[in-house]
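Produce the entire structure from the sequences given, and follow the hints as far as they go.
Here the protein sequences come in this chain order: A and B.
Counting in this note's numbering, the first sequence runs from 11 upward without gaps.
Counting in this note's numbering, the second sequence runs from 31 upward without gaps.
Don't read these hints as lab results, they were simulated from the structure.
Glycine residues also receive a C-beta, built at the ideal position from the N, C-alpha and C atoms.
Please note: incorrect hints may appear among the correct ones.
[Unchecked claim] Chain B stretches covered by chain A per the calculated footprint, using a threshold of three residues with CB under 8 Å from any CB of chain A: (1) 203–215; (2) 228–242; (3) 259–271; (4) 297–307.
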Amino acid sequence: MKMNEETFLKVEHLRKEFDLKVPWIEAIFKREKKTVKAVDDVSFEIKKGETLGIVGESGSGKTTLGRTVIRLIEPTSGKIIMDNTDLTKLKGEVLRKARRDFSIIFQDPMASLNPYMRIGKIVSHPLEIHNIGTKQERKEKILNLFEKFNLTPPEEFYNRFPKYLSGGQRQRVVIARALITNPKFIVADEPTAMLDVSVRSQILKLMIQVKEEFKLTYLFITHDLASAKYICDRIGVMYLGKIIEIAKKEDIFKEPLHPYTKILMSAIPIPDPNVKREKLMPKGEIPSATNIPKGCRFHTRCPFAKDICREQEPELRDIGGRLVACHLV
Amino acid sequence: MAVLNIKNLFIEYLTKSGTVKAVEDVSFDVEENESLGIVGESGCGKSTLGTAILRLLPQNATITGKILLNGVNLLELNNESMRKIRGKDIAMIFQDPMTSLNPIMRVRDHFFELFKVHNPDMKKNEMIKIASEALESVGVDPKRLDNYPFEFSGGMRQRVMIALSIALKPKVLIADEPTTALDVVVQEQIMQVLKNLMRTKNMSIILITHDMGIVAEMAERVAVMYAGNLVELGEIHELYNNPLHPYTRMLLESIPNIKLDDMDLKFIPGSPPDLKNPPKGCKYYPRCPFAKDICKEKDPKTRKIGNRIVKCWLYGDEDE
Numbered sequence: 011m012k013m014n015e016e017t018f019l020k021v022e023h024l025r026k027e028f029d030l031k032v033p034w035i036e037a038i039f040k041r042e043k044k045t046v047k048a049v050d051d052v053s054f055e056i057k058k059g060e061t062l063g064i065v066g067e068s069g070s071g072k073t074t075l076g077r078t079v080i081r082l083i084e085p086t087s088g089k090i091i092m093d094n095t096d097l098t099k100l101k102g103e104v105l106r107k108a109r110r111d112f113s114i115i116f117q118d119p120m121a122s123l124n125p126y127m128r129i130g131k132i133v134s135h136p137l138e139i140h141n142i143g144t145k146q147e148r149k150e151k152i153l154n155l156f157e158k159f160n161l162t163p164p165e166e167f168y169n170r171f172p173k174y175l176s177g178g179q180r181q182r183v184v185i186a187r188a189l190i191t192n193p194k195f196i197v198a199d200e201p202t203a204m205l206d207v208s209v210r211s212q213i214l215k216l217m218i219q220v221k222e223e224f225k226l227t228y229l230f231i232t233h234d235l236a237s238a239k240y241i242c243d244r245i246g247v248m249y250l251g252k253i254i255e256i257a258k259k260e261d262i263f264k265e266p267l268h269p270y271t272k273i274l275m276s277a278i279p280i281p282d283p284n285v286k287r288e289k290l291m292p293k294g295e296i297p298s299a300t301n302i303p304k305g306c307r308f309h310t311r312c313p314f315a316k317d318i319c320r321e322q323e324p325e326l327r328d329i330g331g332r333l334v335a336c337h338l339v
Numbered sequence: 031m032a033v034l035n036i037k038n039l040f041i042e043y044l045t046k047s048g049t050v051k052a053v054e055d056v057s058f059d060v061e062e063n064e065s066l067g068i069v070g071e072s073g074c075g076k077s078t079l080g081t082a083i084l085r086l087l088p089q090n091a092t093i094t095g096k097i098l099l100n101g102v103n104l105l106e107l108n109n110e111s112m113r114k115i116r117g118k119d120i121a122m123i124f125q126d127p128m129t130s131l132n133p134i135m136r137v138r139d140h141f142f143e144l145f146k147v148h149n150p151d152m153k154k155n156e157m158i159k160i161a162s163e164a165l166e167s168v169g170v171d172p173k174r175l176d177n178y179p180f181e182f183s184g185g186m187r188q189r190v191m192i193a194l195s196i197a198l199k200p201k202v203l204i205a206d207e208p209t210t211a212l213d214v215v216v217q218e219q220i221m222q223v224l225k226n227l228m229r230t231k232n233m234s235i236i237l238i239t240h241d242m243g244i245v246a247e248m249a250e251r252v253a254v255m256y257a258g259n260l261v262e263l264g265e266i267h268e269l270y271n272n273p274l275h276p277y278t279r280m281l282l283e284s285i286p287n288i289k290l291d292d293m294d295l296k297f298i299p300g301s302p303p304d305l306k307n308p309p310k311g312c313k314y315y316p317r318c319p320f321a322k323d324i325c326k327e328k329d330p331k332t333r334k335i336g337n338r339i340v341k342c343w344l345y346g347d348e349d350e
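Listed below in structure tokens is the structure:
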């Protein structure tokens, strides 16, 4: 396959299915495995230096997608091509070495820092694993980064334990740890979801700033469309394991095409009492991923569903430079 | 007419490492049929305030001041009389619907427990009837009374919580971050339920949240809290169009708004003060771009400007 010159990451037909535990008696008599299709045939590309946002409800598979892309979760099938190497083919030591180039920022800064490790140790850990620099060089690098991240005085933060840090400071430490090996690609899994309103913007700004400096490419996972608007170049909308619309940020905000995207957009509260927004509500709740509806997977909740939607699963089609999976567009 | 008057409320927590002044000199009224929003960052005392109204604070909290429900001071009632008020006159919806229902009780039994406290002689038929009506009003099928909480999704559980809290037709409903644990689409559904109840059930709602967007859509008046103080209170349109307190202004500017083309994200520098050892003078001055000398020395007085209440030295001098 041909890689576009500026394409950095190319994901092709990625699938991740989790086996469900079934009671043994059913396992004997039914002989069929139940699976959760968390990521169901997802393909996309990210250009170098671009930020692709993935948005969707809880249970849409966006976190699984993010983790599978950097092989924290083993994909069931599909290809992940980063810088001309297929990550799914890498094993053992080669994979471990490759991990220098990509990293992840987790959602909950309270849970992603080891409470028994000092901050300095937490951030230098990736350097130790990849054998980068001497002890002195590592420390210097970390102190410089802390200075840049406004974790001052850096020397003091270096020796502190996570419990003495506020949520915003912890998230800055998590970002510092993700950046310390100079990676090219970062998956940010709802990095601002657990933070306070005023701190949220601080972290977003920091992420935008370091992206320029470190020449990063982001996969930004979030359910908060308002944050996505500030940081993303393109946005993909996920529903039950599939990307149902992917387009430039401007297009998606100006004119969402897929009914589900329209619903997501209209559900965001607008902090202005003078604006009266039109409501578009989905029917019922998100179906279980063990039992994905036939046809278009959104037809059970879609306010515009027609007969064809119940029968045939729509493909992602190119509509004026954007991709939409809907029969009605 | 005001249903609830809060007068000069102070709440302190005694901890091993010192006294935390969680709420300081807060006064406001809640009118009949009104929805009042209380907003602020985490740790500003908004949840403490909501919980205090029902007197559900932990043992180490001390409350002084007055909480008047139709003229009766709740802080002077004995425990038994207070129990009769909870659920019947004032009810509360908590933040996390996953942990606020008892996992080993059927939904039906949650209702029965509540009814028995207020009326031990109530017949089973009647209890089922009231519970079914409550569930219907929030959009849950009454057949599900026999289900256990784990059989419900997050949004449905929050609906059950709301049904429980309105079953006895309280006059005041306190909703403490009712949608924070939920997704945008489910949040929208829950907000619709609350709006419907406000229209049909003749009650006042105190909506505690950090989301200025939700407040803009739900509340008629807003109170802004910072570090235990009520810094501004006003009618929703007036306050959003013309915020007086510098903190309110920064809070409004720092929210991403998908409707605006402006791509510059602002944020409030610094972090809220340690409430064990708050700064002298105005608590916001270390982060305030307009701070004057007097702000460092003296705590500002709470002033009334038109319909608005503001606690800031930018409005009026010391001697006024």
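Outcome of the hint check:
1. 203–215: With 3 residues closer than 8 Å to chain A, the region 203–215 of chain B meets the three-residue bar; holds.
2. 228–242: It holds, with 3 qualifying residues against the three required.
3. 259–271: Holds, because 4 residues of the region 259–271 of chain B bring their Cβ atoms closer than 8 Å to Cβ atoms of chain A.
4. 297–307: Three-residue rule met by the region 297–307 of chain B, so holds; n is 3.
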